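Protein chains in written order, with the numbering used here: chain S, 1 to 562; chain D, 563 to 930; chain P, 931 to 1128.
These are computed hints drawn from the structure, not numbers from a lab. Misleading hints may appear alongside valid ones.
Stated by the list, open to error - Per the computed footprint, the stretches of chain S lying under chain D, defined by three or more beta-carbons under 8 Å from a beta-carbon of chain D, are:
no., region
1, 174-188
2, 228-237
3, 290-298
4, 331-345
All values reported here derive from a predicted model rather than from experimental measurement. The C-beta atom is built at its ideal place from N, Cα and C for all residues, glycine as well.
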Amino acid sequence: MYDAQPMSRPMVVSPERAGSRPLVQVLHDWIVTVDHKKLGVMYFSYGILFLVIGGVEASIMRAQLAVANNHLVSPETFNRLFTMHGTTMIFFAAMPIVFGFANYLMPLMIGARDMAFPRLNAWSFWMSALGGIILYFSFIGGSGLYGAGTAPDVGWFAYAPLTSPAFSVGHSTDYWIIGILVSGFGSIGTALNVLTTILCMRCPGMKLYRMPLFAWMNTVMAVLVLVAIGPLTAAQIMLLIDRYLGGHFFDTQAGGSAVIWMHFFWIFGHPEVYILVLPAFAIVSEVIPVFSRKPIFGYSIMVAATVSIGFISLGVWAHHMFTVGMTSYANAFFVASTAAIAVPTGIKIFNWLGTMWGGKIRYSVAMMFCVGFLCQFLIAGLTGIMLSAAPFDWQLGNSYFVVAHFHYVILGGIVMAVFAGVYYWFPKVTGKMLSETLGKWHFWLFVIGFHLTFDFMHIPGLLGMPRRIYTYDASRGWEIWNLIVSIGVIFQVLGILFWVVNLIITFYKGKKTGNDPWDAWTLEWSTTSPPPDYNFATIPVVRSRRPLWDSKHPEDPDWKYE
Amino acid sequence: MCSRSANCGRQNSTGQSQPVKGPAKWALQCAALLCFLAIVSGASASSFAGGPSSTPSIFNPASTPAHDIYHLSLFVIAICLGIFLVVFSLIVYAAVKFRARVSDDGREPPQIYGSNQVELAWTVIPILIVVVLFLAAARVIHAVEDARFPADAIEVTAVGHQFWWEFQYPGYGFITANVLHVPVSDPNHPRPTHITLLSADTDHSFWVPQLAGKIDLIPNRKNEMWIDPHDLGTYVGQCAQYCGVEHAKMLLTVDVQSPEEFERWTQQQKSPAMVSDQVAAGRQVFESNACVNCHTVTGTGANGKFGPDLTHLMSRTTIAAGAATNTQDNLRLWVKEPDAIKPGALMPAMQLEERDVDALVAYLMSLQ
Amino acid sequence: MAATTMAVPQSEMPLSAHMRGKVGMWCLIAAESAIFSIFVVAYLYYAGKSLSGPTPAQVLEVPIFTSICLFSSSLTILVAEKALHIGNIKRFGAFWLLTIVLGVIFLLGTAREWHGLIYEKGLTISTNLFGTTFYSLVGLHAFHVIVGATGLTIIMIFTALGHVRQEHSERIGVFAMYWHFVDAIWVVVLSVVYFITR
Ligand code: HEA
Ligand code: HEA
Ligand code: CUA
Ligand SMILES: [Cu+2]
């Protein structure tokens, strides 16, 4: 049950939409804002900006690798490209994008007027933004202003002792460290905020077990951020101590250990990948039910699976280290814990499937992306299982098979879910409907490009091609596969261009839409599109997981069954 | 089972989305996936046919650890393929079967909230599969990591350097570089090679896919691995842990020889460097330059450890860790301008005069 | 439309908006604990692995007095909180000041210890692994004490100027949680550095 008043009220037109105002003033508004919706949009746009930057870096790498013995870029440049690509994509594209979703939607979905700490929210965003700027400043300041054109070249997990002053002279690595450190503070702030909002700001009647799954999955995401970013922060501080104060944490000459850096990094790094994928699950868990016209299948089991993914993911990090020569017991332990994650993840896949089963699926572009997500994430998870069998990983680790695995999860899973989320919530954010025709172009070009690139990327891995090599010899027989992989990128770029064009055209010329274009069930659709500054004129009261279903079907409300 | 049917017609308030034709999409996606699978299996099959090829495919094993892994990998792939086929078919079936038809009456489908039996089934079955996977993996981990060695196993210490390999044969007392020579191991009387892995600078990883899985070489840490190649031949691989600028050109070759050939090779490696008056001029250049600070040539004053041992340079077919073939022209180019062959290699260009270079290369060519 | 609004009993919502300060602080404490645990792990891992001296046994002395000061500051801040809760501003101010003094004594103790270590016993952060891990872990904690003491002092100034009133007791309680956390961490650091590995 929800309070019907906001919907029946006339739309409140806030002043900035009423007429055009000077650009400076608009900018000023955005810069000083503490509104979770504006910050959400800023997080998201910031992430997209870096997605394109990281994508351009990836495209250059693919151009270099398309043929054997290529001389397009120098080895130094190539090493900087993959370092910057990986760092940018993980910390400054994927994280801000998923945080953007959480920021924008969380208060709306739980019937709150803002986040728990609006000013902290703004602070967190600007910290993340600052981190990205520091990282990219390395291009200018890497080896001092005179040696312009250097970026860090230590890889995104920056294994010791390559980061020690002896092997990485100049300041490029310092920019890498400090950029990530600073954005890490931002991430902790956001996670703290999201968690507190969910725990303390729910509207009356919104008990924990009535929250949308979106809120649950972001809860677990926030907890993971809180416990996982700490180790990264600590490790980066230690690295700074090594580099600036002559410490020996990772100094192998003075008895320090290179392996302990790996442990610290992956204690962060593995939960990190679930930090990224849980919000994607969250999006899918909202979109699939609405377009299948059924409630989510097995709500409480989904919650349990999410929580157990959170727990298990804290105990699997060393599957990134199967090749560093751990004892057979340690290896076996991490095989078991890693493979165990397949169980709760499988439960999720099956429950989404169960939600579609017996429904009446409406294929709008958002739903198409969700179905693509399901198929692709399935494959990506299974290649993860192959890697988790430690001996198999002794062959596949650090090969292109791993690169294919994680791009499969990230693009086939996370990015597809993000696209679905954008098509689904864009009408809420702007009041305008994205073009379905352009959307289909976007979907098909991207899916084709994705499969050309990342299906075929597994093969050179199986044929012995290590990652992070700037060139290879034709005699190894990897050339044809690399060529196909590189060609796929063209389609991906086209797909993404269609999307960007769609966003821009719709933003200026899109067709206006109602407050609830998808006939959906969660609270954000009960307020106007775009929502007013205060979200809800009257704080809603809910009695079930699908408050809008209750109000649309008063004769057969959900709360009778829960 | 808590289900109910909603007998309420859907008031399609704004009705934006229409059902789209599904089949075309599915056809394409299936086709893409089938291609992928066909190609993966094709790739492995073709490398089977062609004996020792220079493609280091993991599906063409030639040594026990690689064999064990190969069998495990087939098992794991089969399980994953099975899961994939089942779940993928279900997804496709649901996506096609339950799409809203054009003739739809606009009513909501029955609202189903879940089912405990089904949930139990799809929890228990994966748990069982995971247990099986774990046991299979644990068996191979134990077989490879906890293996025992016969007393006559060959001992080799591999030291990773930016960007080349040092191989020490403590049992024979010599050091060589970049090409690892081992005797073939008869499965009936196995004579494996036990390799101790160390690093002089950053992390590296020893990976020759046809012989064994990779193990990292990490400074201030001792790792171990072993191989027992069953077939004669040359096996290629390369450094598989990012180690700096020229990580890409830190190639690795393993030469598997018959026991006799191997003994002959060790005798030759043990002998001091050739001395020949014809190349005295070149030797003079070598010894009066910084070469001696970084390279060793036994029997001369050159005992540097920073670069590869050059005592028997000409017994290797490549230079600079496989970046170029070992020919007169390449040696010449290498000494004059290492960056032309391997940009970023840690050997400096020595700025010698043409005449000295000629003499020097003649000397290097004499180091049989 | 069926009955729309209804009163939701208070008991249904155990956490509500006025609790958010506490919840937020718990989150911060969780994140900080993660950072500290990594430093503690590094300390334990490198214990006894230094390639050269000095060793902890040679140079470290248990800081009994300053530790007692720090621990008792947790009690004094509790008393101050209680006083504010019932509106006794004077008593609050007195015990708040006492807390600051105890915190500062602890910091001075650390400063003295470090001075001795560096100038008399020749242990710096780059001497050996012990030096690196010791100064990092103890320093990280000391940094938190400094931040805490600064916060305490700011509140003290506001108290002196008469801006702190009974209704601020909840917020000040949130800040006090941080101070308690800093004390609790010292229990861990103290036992790891001065007892377990010495
Ligand atoms: C972002 C998201 C993400 C996600 C969700 C995952 C999910 C998984 N990953 Fe992946 N992974 C990465 C991102 C991700 N990964 C990245 C970025 C790297 C490399 C970092 C780097 O080196 O740069 C990496 C690397 C990586 C490695 C290390 C490889 C190496 O470097 O040597 C391993 C090894 O075990 C692994 C395993 C897994 C497993 C088992 C899962 C599981 O969670 C998958 C579970 C899902 C399924 C299994 C499918 C659905 C389940 C069913 C249908 C049920 C039935 C199935 C069974 C019973 C098996 N991953
Ligand atoms: C969120 C994470 C993410 C994402 C989205 C991507 C996306 C892509 N990645 Fe990335 N990748 C990583 C995370 C990610 N990657 C990580 C962590 C590593 C490891 C790094 C390391 O080893 O240290 C890695 C490494 C990595 C490698 C291995 C490098 C190596 O080991 O040598 C390769 C090689 O092909 C690659 C390729 C790609 C490609 C082709 C895409 C494409 O999908 C990108 C597609 C997007 C675009 C192309 C952008 C769209 C652009 C436009 C629309 C531009 C038009 C432009 C204008 C109009 C200005 N990636
Ligand atoms: Cu050595 Cu990479
Ligand atoms: Cu992982």
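Hint-by-hint comparison with the structure:
Closer than 8 Å: that is the beta-carbon criterion, and the region 174-188 of chain S has 0 residues meeting it against chain D, so the requirement of 3 is violated. Under a criterion of three residues with beta carbons nearer than 8 Å to beta carbons of chain D, the stated coverage of the region 228-237 of chain S fails, only 0 such residues being counted. For the region 290-298 of chain S, the stated coverage by chain D is satisfied: 7 residues place a CB nearer than 8 Å to a CB of that chain, which reaches the threshold of 3. With 8 residues having a Cβ less than 8 Å from any Cβ of chain D, the region 331-345 of chain S passes the three-residue criterion, so the hint holds.
In summary, the structure is inconsistent with hints 1, 2 from the numbered list given earlier, while agreeing with the others.
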